[in-house]
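Protein chains in written order, with the numbering used here: chain A, -19 to 637; chain B, 29 to 314; chain C, 7 to 544.
Simulated from the structure, these hints should not be mistaken for lab results.
All C-beta atoms, glycine included, are put in the ideal place defined by N, C-alpha and C.
Worth double-checking, as some hints may not be accurate.
To be verified - Covered by chain A, per the in silico footprint, the following chain C stretches (three or more residues, Cβ under 8 Å):
(1) 50 to 63
(2) 68 to 74
(3) 192 to 206
To be verified - When the alpha-carbon atoms are kept at most 35 Å apart in a straight line, the in silico DSBU-like pairs for lysine-lysine are as follows:
(4) B:K149 - B:K35
(5) A:K479 - B:K200
(6) B:K149 - C:K108
(7) B:K202 - A:K479
(8) A:K231 - C:K187
(9) B:K192 - A:K479
(10) A:K479 - B:K149
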Amino acid sequence: MTSLADAYASAREHWQALETSPVPIFFVGAATCGRAAGSGDTLDRLRAEIKARQLQAQVIETGCLGPCSLEPLMVVHKPGTPRVCFGNVGPAEAVQILQRHVLGDDPCAEWTLGSIGSASGNGTGTFSDHPMMRGQVRRVLANCGLIDPENVDHYLARDGYRGFLRALEIGGDQVVDLVRRAGLRGRGGAGFPTWRKWDTCRQTGADQRYLICNADEGDPGAFMNRSLIESDPHAVLEGMLIASLALGASKGYVYCRAEYPLAIARLKGAIAQMRALGLLGDNIQGSGFSFDLEIKKGAGAFVCGEETALIASIEGRRGMPQPRPPFPAVSGLWGKPTIIQNVETLANLPLILRNGPEWYAAVGTEGSKGTRSFALAGKVKRTGLIEVPLGTTLRQIVEEIGGGSSDGKPIKAVQTGGPSGGCIGAEQLDLPVDYESLAQAGSIMGSGGMIVIDEDTCAVDLAKYFISFTQNESCGKCPPCRVGTRAMLYLLERIVEGKAGIEDLRRLDALAVTVARGSLCGLGQTAPNPVLTTMRYFRDEYHAHVEQKQCAAFVCRPLVQHRIDAERCPGCTACVKVCPAEAIIGVRGEPHVIATERCSQCGSCLSVCPPAYAAVYRVSGELTRYEEIHAKKGKPGAPTEASAQLEAQSEELDQCS
Amino acid sequence: MFEITKKREVAPNVHEIVIHAPAVAKKARPGQFIILMVDEKSERVPYTLCDWDREAGTVTLVVQEVGQSSRKLVLLRAGDQVAHLVGPLGVPLEIERFGTVALAAGCYGIGAILGIARAMKAAGNRVIAIVEADSHYLHYFRAELEAAADEFIQTTIDGSENIKGHSIDVVKRKLENGESLDRVIAVGCLFMMMLAGNVTKPFGVKTLVALNPIMLDGTGMCGACRVAVGEQTLFACVDGPFFDAHQVDWSELRDRRVAYSDDEIQAVARTDVAAPRRERAHARTA
Amino acid sequence: MQLNIDNQTVTARSGESVLQCASRHGIAIPRLCSHSSLPAFGACRLCIVEIDGMRGTPASCATPAVEGMVVRTNTEALRDLRRGILQLILLEHPSACLVCDKHDLCDEFRPAAAKAGRTTGCHTCNNKAVCDVRVLADELELTDLPVPPVYRNLPLERSDPFIDRDLNLCILCGRCVRICKAQHGRGTIDFVGRGSQTRIGEAFGRSLSEAGCRFCGSCIDVCPTGSLADRYAKWYGAPSRFTATTCTLCDAACAVTVHTTAHERAVAARGVDPRVPICVLGRFAIPEFLNGTRRLKTPQIRVGSRLRDVPWQQALARAAEHLRPFVGDGFALVCDTTNTLEDRYVLYKFTRDVMRSPHYIELQPDARGVSRAGLPDGVRAALLTGPFVDHERLQQLDLLIVQDCYATATSELATVSLPVAVLSEVAGTWVDGDGRMRPLRKACRGPGTAKPDWEIISELARTMGETGFEYESAATIARDIGAVGARLRIRQTEAPIAATDPSRRRTHFRGHCLDDHVGGLSELNGVEPALATAAVGG
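The whole structure should be built from the sequences, with the hints applied where relevant.
Right under this line is the structure:
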C-alpha cells in the first residue's frame, strides 16, 4: 500500500509531466455520450494513425467536457502551445487535426471550440469563453473531460481527497457546521437542507449507520449523474467519505442502475484505488474512522430511486415503497439509521471542505446556494451537460448557453424535473432557476433534467409521454398511482385521438388531484405534475384537442390530415409510389389527391415531396400548415437536383410498368 | 357423438360453441332449445339455440359456466365431441309480421336473440335489438346483431360505454316517448326478465320471456320444469320456453330454481380432481 | 398518551397506530389492506387522515400515535379523496353491481350470489355475503366510475388443491402475501410484475403446490374479496353458525371453528387464532370427509349376498339376535382412539358387561394415523368401528358387525352395518397427544340417520335387554366418568407440526385413508385419486 503522502507526490509529478509533455497528447472524450457520438471510432483511427506514422504521442480517454451536441470532443496538447479543444471530431477529422495542427501549423479553426487555459494567441478564444461555456461555473464538473477518470493520480494531483483529509482534521461536528453554513441542499429532487437530514440521523443513538449514494438516475433524458461518475468517480466517493464521517456511518453503498455499465466499471476501479491508497477500511489513515464501500446494482426499476424502495432493493426485497414514518434517517437499511444522498450532493462536499463554506455560498441565491448541473436537451442549438449558479434564469440557460431555438421557432416551454416535474411556459423564461421559484411555477428542480420545447412539441403529447412512463414504472402497490396513472393515460389517449369530450378534461383534473394527494410515495405524488403544469400553461391546447379536434403542433396523428395543394403539385408521383396505404390517387402531370379515409397519417408523402414543390400540407382542426418551398436554383418552384432525380426514377418505373 | 366445430370465449365467462348436429340444425326454429350431455355420465342440460346453419348442419350455443356440467362443456375445444345432443325442443316463437319488435337481452341472452332477430326481420318486422352488459368488456356479437337488426342499442350498467343503464330502461324510454312497440321479447337473467314484464305491463305491450327453470327430460314427462303462468301450471319444455311475462309467478320460479342449490354446490365443491388436471393439461398444450 | 381524534380526547397505548387507537374508541376509519393479525402495509390508501403538523394525508395504519396529535378522520376532503381512491380500486375489479341503480331491488329479489366460473359482478361473486368492498362502496356512497374499468382476463387458477383463485378480483391489498410471510416465513406468493401488470403469483409461474404452499388457508381467511376462495365452501355464502370445537384428525387436537350452513352442513373449518395456521387436514379435510357421497347413511342388514337398508330398530334387533350366542371370549370389539372418551367408555362397558368378553381392543394409531390389529385366536364374532383388521381374518369370522362412517371392504363383509356420525357431527371429550382433555362440540348433522358410536352401542345394549346404558347425551357419560374440565387447545405461538412439515401429517383417520375421501389431499400427496373410479377403498 502506497502511503498517501507518497501518492500525492508522485501524482503531482505525473500531472506536471503531462502539463509539460514534450510529446503531443490527445485527450478524447470517451464517456458514454462521447462513445454514442462515435468517439470509439475516432480513438481507433487516431491510434492507428499514430502507429502508422510511428509518432511519439499519447492518447488519453477522458470523460465529458459538457457540450454533448459537439461530441466527439478532443483536447490536443501540442508541446509549446496552449491546449485546444476541438468539437465534432470524427475519425477523418482526428486525422486532419493530427496532420494539420499537430504536425503542421494549421489551427483547424473549423473544429476549434477554444483553447484550454490561456488564450491561444492565434485569434481563437478560450474554451471557457465559448458561448456555451461562458455562463457556466463548473465546480462539481471541474475535472470532467480534463482528467483520465481511471487514473487516480489525475484526481490526486488536482487536490483530490484534500477535502476528506480536512474533514478528518476537523471532525464530524465541524463538517456538519461547514455544510450548514454552505447552505447545501439535496440535489436529488426535493432540495432538503443536507445538514438537517444528517442531523436527524446523527441524533439516533444507534450502533450502526449507513450511507447510500443514490445513483439510480431514472428520469428519462437525465444524465448528470452518469456523466459525473464516468468522468470523475472519485469526486463522488470522496463525498461519501466526508458524509460518512459526519454521520458516523461505517458502511456505505453506491446503488447504481444496471443500465450504466461504464459508470459501474469506473466505480469499481475507483474503489479499488481508494483501498490501495488506504482510504477505505478500518482506521483510515490512522484517524480512528472506519468505513467501507460496496456497489449494489439496480435492476431496471425507476421506483427504486425512491428511498424506501431503494433500501428494500438492497435488502433483497421487492422494491415497493413503505409509508413513512419511520423515516430512513431513523430506521432504514436493515432497520438502522440510513442517509440516502444524491450523487451530485455528495460531489459538492469535497469542494465545501477544500474551499470553505463562504466560497461555496458566494454563488447562488439566498435560499439556494451553490451551483447545479443540468442536462440541457431539446430544441436548443447546444445541448449537453452544464453547470450554473443557482439563480441563473431559464432565459440565460436556454438562450445564452443553449444558443436559443434550434430551428428558429419560438420556444414554447421548458420541462424540468423529468416525469416528476412540469412544463414552465415561455412567458416565465425570466424565472431564476432555484428550488422555490420552480416550485411556485408548478414544477420542481428535480434531478436536473431540462428539456426545451417549441411549437412543434404538443403539450398534450408530452404529458402523455411522461404519464405512460410513470404508469409503466409504478410499483403497483397503491391504487392511486397504479390505477390512477392508467386512468389518466386513458384520458390523454382519448384526447390525442380526438375522442374526448369536455367532461374528460374535468375528469383528468379530478384524477390528477386524487393521484397527487392519494399516492403513497413520490413517484405517484408527482406523476400528475406534467399533466397539471401543461394544463396550467397550455390549457387552450387541451381545449383545442377536445373541442376543435386540433393539434397545433401537428403531432397527434389522429387529429392531423395530410392534403395536397393542387396549385403546387406538378404531379411527380413521388408520393403516390411511397404511400403504404395506397391512398394517393394521381397520374403523372396531374395534381394528386389523398383519399382521407384510406390515409393512415404516416407522413411519408410529406417527407418525400420535393421541397421545391412542398405540395403536401397538413390540416388539424382549424389550422393549416404548409411547408416552405426551397427553390435551390433558378425560378421559385424550379426542380431541385433531388426532385429531378426522383422524376427520372419515376419515368423509368413508368416505362417498366 | 357430436363434434364441436368452433369454440371461443367471446366475453369473460361467455362461450360460443358451434356443434355439428345436422338433424337438429335442419329443424331448428327461433325460440327453441336443445339438451345435451357432455359425456355418458353428465347431467342433461338445456341450452338455447342461438343460431343454426342448415347447410353446414351446425347449431350455435352461447354458454356461461355456472356449475359442474357447464364447466365440463366450456372446457371442451374445437375437435372435441359431445356425447348426446337432442333437439330442437320447446315451442318455437311465433314469427309473423307484428310491426316493431324490440328484443331486450343480457348475459347469454345476447346470443339467444340472434336467431330471433334474423327471423323477425325476415318476416318483415322492424327489429330493435337492445343489449345490456355489466361493463363494456362483457359485450359480444355486436357486428352480428347490428347486421341482423334494424336498430341496435348497447347499454352498460356501469356506463363504461354508450348508454348507462339497463336494456329495459331503453324500452321504457321508448314507450314513454310514444314509440310504438308491438312486441317485446326479453332474454336474460330472471331479474332482468321480471323487470321487462313490469315495464311493459302498464303499456300493455305483449312481452315474451324465456324462462329457465330446472329441467330434466325436456319432453314433458317429468314435470321438473313446471312454471306458474297465470292460473296454470305449464311445462317450460313443451309449453315454453317463452311465456307471457305479465303472467309469470317470478318468486316461485326463483325459489324453484335454487331448490337443489346445495347439491349443485356440492357437485362443484367436491374437489373434482380430474377437472383441474384436465385444465392444467389444456393450459400446457394450449 | 393522549390524542385528539375528531375532537375527541382518546388515550393511546404505546406502540399503537392511529388507526388502532381510533378503532379501540369506536371511531371507524375505512380500510382494506390493514388487518389485525398483520403489520401495517399502507397500500390501499383508504385509511388516510389529516394530522396537524404532518404533510399530506398520512395512512393512519402506518402512523404511530404520538402524544398531543390532532387527527381528523372524516373531513369532506378526506371523504372525496377516499371515494376517488375506491373508484380507482374498482376500475380493476368487476364493479358494475356497485354502481347499478337497481342494486337494492336486485339484492332483495336474489340476495345470494349465483355460482359461476368467472365472476363478473357481485351477482356471481362467492364473497357477496361477507364482502368488505361492498360495505365500503356503500359507506363512501359510490355512484359511478371515472373511466371505463378494465377486465384483465387473467386465467382462473383452479388446478391447485383446495384453493380457487380468480386474480381478476384481486385488489392487490397484499394481505395474502403478508400473512403467508408472517406465518410461514416463506415467500410462496408475492407481488409479480409492476404497473398495470402487477398481480399476485408464485415465482417462475409455478403452481401453489410446486411453490411449496402448505395449504393452511390463511390467505383465504384474510382476503377481502372473492379472489381467494375455499373451493368447497365458496358458494355457500355466509355461514349460519360457527362452532368452536376440536379437530380430531390427529393428536395435535387444534381448536377449530366449524362453519355450517342453514341445512346444518359443515362447509369449512378454520383455526381459532388467525395468527397461527393449522394444517391442511384441519383446515380443508373435515367438510369434504364429512360430506362424501359414500358416507354410510342408513343401517343395513345382510339379506342373502347383499346389504339392505332397514330402520334402526330392525338393524339393532338383528344385531342383538346374532350377538347373543357369542357372549363370552369368542367375541372381540375393536376400536381406536379416534373415538371420544365417552365412546370408548361405552364400548368398553358393552364388551365387559354385555358381551362379557375380555377382548376389548383399543388401538393407538401410529404416526400416520393407521390403526391395524389382529384378532385373538378364539374369536369368532367381532364388532369393529373401522377397517382395522385383515380381510382374511374377518372372512373366518362367524359374525361381523361394523359401525363406521364410510363403506369399506370390511363393511361389505358385515352382517349388520351401522352408520356412524364422526368429527364435528358429535359432541364429547377427546384426549390429545399430551394426554389433555379437549372438548368436541357438535357443529353439524351426520348424514342420513347416522349416530355417534356411544349412542349406537347404548341402544344396542338396551335392545339386548341390558340396563345401565340409559345415556341421554355425551355430557351425561362425561359426568359419569369424570371427564370434566376439557379446554379447547388454542395455540398462541406455534403452528402444529403437521402444518409446517407435511411428512409428519397423518394419512389415515379411523382406519380410512383420507386421500380416498378428500380429493385435494390425493392431489397434494401425488396419489391417483380413488374418487375417479368406483372402487371402494379400505
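Consistency of the hints with the structure:
Only residues whose C-beta sits within less than 8 Å of a C-beta in chain A count toward coverage, and the stretch 50 to 63 of chain C has 5 of them, enough to reach three; the restraint holds. Given a C-beta distance limit of less than 8 Å, the hint that chain A covers the stretch 68 to 74 of chain C holds, as 3 residues qualify and 3 suffice. Chain A is given as covering the stretch 192 to 206 of chain C, and this holds because 8 residues of the stretch bring a CB closer than 8 Å to a CB of that chain, at least three being needed. With a CA separation close to 27 Å, the supplied pair K149 (chain B) and K35 (chain B) stays within the 35 Å bound.
Proposed proximity of K479 (chain A) and K200 (chain B) is supported: the alpha carbons are some 29 Å apart, at most 35 Å. Using a Cα cut-off of 35 Å, the hinted pair K149 (chain B) and K108 (chain C) holds, with the two alpha carbons roughly 32 Å apart. A hinted pair counts as satisfied when its Cα atoms are at most 35 Å apart, and K202 (chain B) with K479 (chain A) qualifies at roughly 28 Å. Restraint check: the Cα-Cα separation between K231 (chain A) and K187 (chain C) comes to about 29 Å, which is no more than 35 Å; the hinted pair holds.
Note on K192 (chain B) and K479 (chain A): the hinted pairing holds, with a Cα-Cα distance of about 18 Å set against a maximum of 35 Å. For the given pair, K479 (chain A) sits about 33 Å from K149 (chain B) by alpha-carbon distance, which is consistent with the 35 Å threshold.
The structure meets every hint from the earlier list without exception.
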